[in-house]
Amino acid sequence: MKHIISALVENKPGVLAHVAGMFAARAFNIDSLVVGRTEDPKLSRMTIVVVGDDRVVEQVRKQLAKIVPVVKVQDFLGQPVVARDLMLVTISAPPDKRSEILSLIEMFKAKVVDIGTKQLMVEVCGPETKIEAFIEVCKPYGIKSVARTGTIAMPRQAKTEP
Amino acid sequence: MSSKSRSPVRDALRHSAGSSDKSSLKAGAQIIVDTLIELGVDTVFGYPGGVVLPLFDRFYDAPINFIIPRHEQGGCHMADGYARAGGKVGVVVATSGPGACNLTTGLATAMMDSVPIVALTGQVRTELIGNDAFQEADTTGITRPVTKYNCIVKDVKDLARVIREAFYIASTSRPGPVLVDIPVDVQVAKYETGGPVEMDLPGYRVQTKGHSRQISTAAAAINKSEKPVLYVGGGVIIANASEELRTLSQKAHLPVTMTLLGLGSFDQNRPESLDMLGMHGSAYANYAVQECDLLIAVGARFDDRVTGKVKGFAPNAKIIHIDIDPTSISKNVNVDIPVVGDAKYILTELVKEVEYREREKWFKKIAEWKKKFPFSYDRGASTIKPQYVIEELCRQTDGEAIITTGVGQNQMWTAQFFRFSRPRQFISSGGLGTMGYGLPAAIGAQVARPDATVIDIDGDHSFNMTMTELATAVENKLPIKVCILNNGYMGMVRQWQELFYNKRYSKSYLSNPDYATVAEALGAVGITVDKKTDVAGAIKKMLSQKRPCVVDFKVEREENVWPMVAAGKSLNEMDGLDILESIA
Chain A
1 MKHIISALVE NKPGVLAHVA GMFAARAFNI DSLVVGRTED PKLSRMTIVV VGDDRVVEQV
61 RKQLAKIVPV VKVQDFLGQP VVARDLMLVT ISAPPDKRSE ILSLIEMFKA KVVDIGTKQL
121 MVEVCGPETK IEAFIEVCKP YGIKSVARTG TIAMPRQAKT EP
Chain B
1 MSSKSRSPVR DALRHSAGSS DKSSLKAGAQ IIVDTLIELG VDTVFGYPGG VVLPLFDRFY
61 DAPINFIIPR HEQGGCHMAD GYARAGGKVG VVVATSGPGA CNLTTGLATA MMDSVPIVAL
121 TGQVRTELIG NDAFQEADTT GITRPVTKYN CIVKDVKDLA RVIREAFYIA STSRPGPVLV
181 DIPVDVQVAK YETGGPVEMD LPGYRVQTKG HSRQISTAAA AINKSEKPVL YVGGGVIIAN
241 ASEELRTLSQ KAHLPVTMTL LGLGSFDQNR PESLDMLGMH GSAYANYAVQ ECDLLIAVGA
301 RFDDRVTGKV KGFAPNAKII HIDIDPTSIS KNVNVDIPVV GDAKYILTEL VKEVEYRERE
361 KWFKKIAEWK KKFPFSYDRG ASTIKPQYVI EELCRQTDGE AIITTGVGQN QMWTAQFFRF
421 SRPRQFISSG GLGTMGYGLP AAIGAQVARP DATVIDIDGD HSFNMTMTEL ATAVENKLPI
481 KVCILNNGYM GMVRQWQELF YNKRYSKSYL SNPDYATVAE ALGAVGITVD KKTDVAGAIK
541 KMLSQKRPCV VDFKVEREEN VWPMVAAGKS LNEMDGLDIL ESIA
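First to last, the sequence lines map onto chains A and B.
Take 1 as the starting number for the first sequence in this note's numbering and just add one per residue.
Take 1 as the starting number for the second sequence in this note's numbering and just add one per residue.
Any given hint might turn out to be false.
[To be verified] The calculated lysine-lysine pairs, modelled on BS3-like cross-linking and capped at a C-alpha distance of 25 Å, are:
1) Lys318/B with Lys72/A
2) Lys157/B with Lys12/A
3) Lys42/A with Lys154/B
4) Lys62/A with Lys364/B
5) Lys546/B with Lys503/B
6) Lys154/B with Lys62/A
These aren't lab readings, by the way, just hints derived from the structure by calculation.
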C-alpha cells in the first residue's frame, strides 16, 4: 500500500540527512521525498511517499516523529487529499507527429514549455496516475528524458472532488 | 594563580576566552563551561586536541573533576558507566577528526542502551569546514545514526541554548547520547550573555503520563490472568521505578523476569524473581514466558536475544507493553495493550487498580521448573570454573558490589551467577555488545560512586581491547577491581565455533600478556590465580586493596554457557538442559 506521509520539520541544516539516514538505516523504501518551505520560515514540509504494509508504515511514522527536529507527522492514508506531482518530459516530435502530440497535450491539460526542431518539452501537473498515463501515451513517440518532482499533498477541506 | 605566568600561549588563549573581562561579554568556551556548571556537571571525561584548546583552557581552573582517558572510546564508556551508576548525564569531550571518530563506539553503545551522554567535540574553523582541513571529519554526519540528536553550533549566540537542549534531550524521555560539535572559532568568539536562555525544541515532546484508559485495560487484563509474567528491561532502572515494580509484583502477585539490562531492577533474591530470560536466560524464565497467558513488558524492547524466533515467542500470551518510546511498541512483536509513558508513573497508576490473586497452580509450575533447571555448573571440578569465581565474588561482596562486564561468556555468566538486588548495580553493554566496555565503564562507575566496590568481571579478550585505561584508574586513584576470567579464547566465539562450526576454532584465540605484570607496570596490583583453592583467598586480597587491582583467573578453557537458545529457535527450545541436569 502506498502512503503519503507529510512531516513538518525545523528548517535547520542536517534535518534532511537525518530523515534520509533513518530511512536507509531501517531499510524503509522511499518512493519519493519532497522538501519545500512553508508559510513559516522556521519550518519546512517533507512529503514522503512510502510503500509498505501497515506495520512498516506505522514504524516509519513513529520513527519520523522521534527525530528531534521533526515537529509533526501525518499519514494521509484514508483521508481525502489533493496530491500533485509535476513532470517535465521531453518527447521526440518530428514535424509530422507534432499535431498528434499537441492534441494529447491538450487532452491532459499539459503545457508545451520548450520546442525544438525534433522534440518538445512538456510540463504536466496532476495526480501521479495522470502523470503515469501521460508517459504511457507518449511512449510510442519516444520519450527522451523525464524529470519529476515527486508527490506533494495536502488534506482536503471538502469531502468530495470539486 | 601561578598559571597566568606559566604559559604565554595559555595567557593568549585565556585572553581570547575572555575570563578576565569584567563585562558579561564571554567567549564561547567560557559559555560552555559556565553552562555545564549551571547544569550541575561536576565531572567531565575528555581528551584534548587542537581545536578544543580554547575549551580546555577554560577547564584549567574550572571546579570540575576532569578525567583524561587514554583513548576517546574509553572516555565515552567512562561517561556511560558514570551515567548508568549515578543516574546523571555523563559528559565527554573530544577534539575534531580522530577524537570525534573514536567516540563513535561509545556513542553507539550508549544509544543502544539508552544512556544519557552529552558529547562535546571540537571542529575546525567554520570557514574551513568542507575543505578537508587537518583533523577535519564530518562529525555530525558520522555520529547521526548513533546519537539521539546531534548538531553543529556555528554561531556563539546559540551555544548556551544548544548545550541546555543537549542535556535536556539526553536525559529525558528515552535517554540517549547527544553530540554538540563546536568549531574552534565559535569557542573563541565572544557574546554578550546574561539574558535568560530558553530552549527551542518544537519537535521534542516528553510524554510522561500514560493513557488512563489503557492503564485500566492493562489492570483488568492482569486481574483476569491465570498465568502472568512481568518482563522488565532497563527502562525500569532508567525511570527509577524499581520500588513501583516491586509493589506491583507483590500486590498483584506476579513473577518477574528481567532482560540483561533489567538486572537489578528487581531483587533476584525474592521468590517472584525468574532471573534473566532469553538466549542465555534461565530455563524457568523462558518456559514461563512461553506458557504465560499474559506478558507484561515494562521498559523492554523485545530484542532478538530476548525473543528468540519472534513467531514462536509467548505464543499463548496477550501482551501489555509499557514503554516511553512509541517506536518500541509493535516493532518486533505485536502488542495488544500498549501504554506509552514513563514507567514510574504508569506502574504507580497500575498498582492502584490491580488485585491480589494466589495463582497457586502457576507458581507451583514455576517452582517445579526452578527446581529442575537451575543455573548450574560442575561444582566438583578440580579446575577453576568461571561460574565459581562469580559466585565467590557475589558471596564475598554480599551481592552488594557494582558489577561491570565485558561482552561474551564473561557477561552471560555474570548475569546468570551474580545475584543482583539493586538498580544501577549491573552495568553492561547489552544492545551493542561492545567488547572492552567493562574496564572504562567501571572507572566511570567508580567516579560516580566513590564509596562503592566496583568490579569489572571481564574476559581476557574484552580486557585486551581497552586495558590501557587501567592507567587512568591508577592516575585518578580509583580503586576499581578487575577479575579476568581468562580462558585464552574469545569464549563466546569459540563456543559458537564448537557448536555450529565443527570445533574449527578459527582465529578465536591469540597470545595474551601476563596480566598481573601488565597491572603492576601500569601501577595497579596484579594477582594471578591458577588453582581453584586460591580463588577465595585471591578475591579476599583483591577486595582489601585500596588501589586498582587486577586478578587473572586461569579458568577452565572450554566451558560453555548453558542453557542456550540457538539462533532461529523458540525460547522453549533450549540446548544444554541435559548438561545442566546431569551436573545439578
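Between Lys546/B and Lys503/B, does the CA-CA distance stay at or below 25 Å? violated (43 Å)
Given pair status - Lys72/A, Lys318/B, alpha carbons within 25 Å: violated (31 Å)
Quick one, are Lys42/A and Lys154/B close enough, alpha carbons at most 25 Å? holds (17 Å)
Between Lys154/B and Lys62/A, does the CA-CA distance stay at or below 25 Å? violated (30 Å)
Given the hint that Lys62/A pairs with Lys364/B, test it: the Cα-Cα distance must not exceed 25 Å. violated (41 Å)
Taking 25 Å as the top limit, are the C-alpha atoms of Lys157/B and Lys12/A close enough? Roughly 16 Å separates the two Cα atoms, so the pair holds.
Figure legend: structure checked against the earlier numbered hints; hints not met, in rising order: 1, 4, 5, 6.
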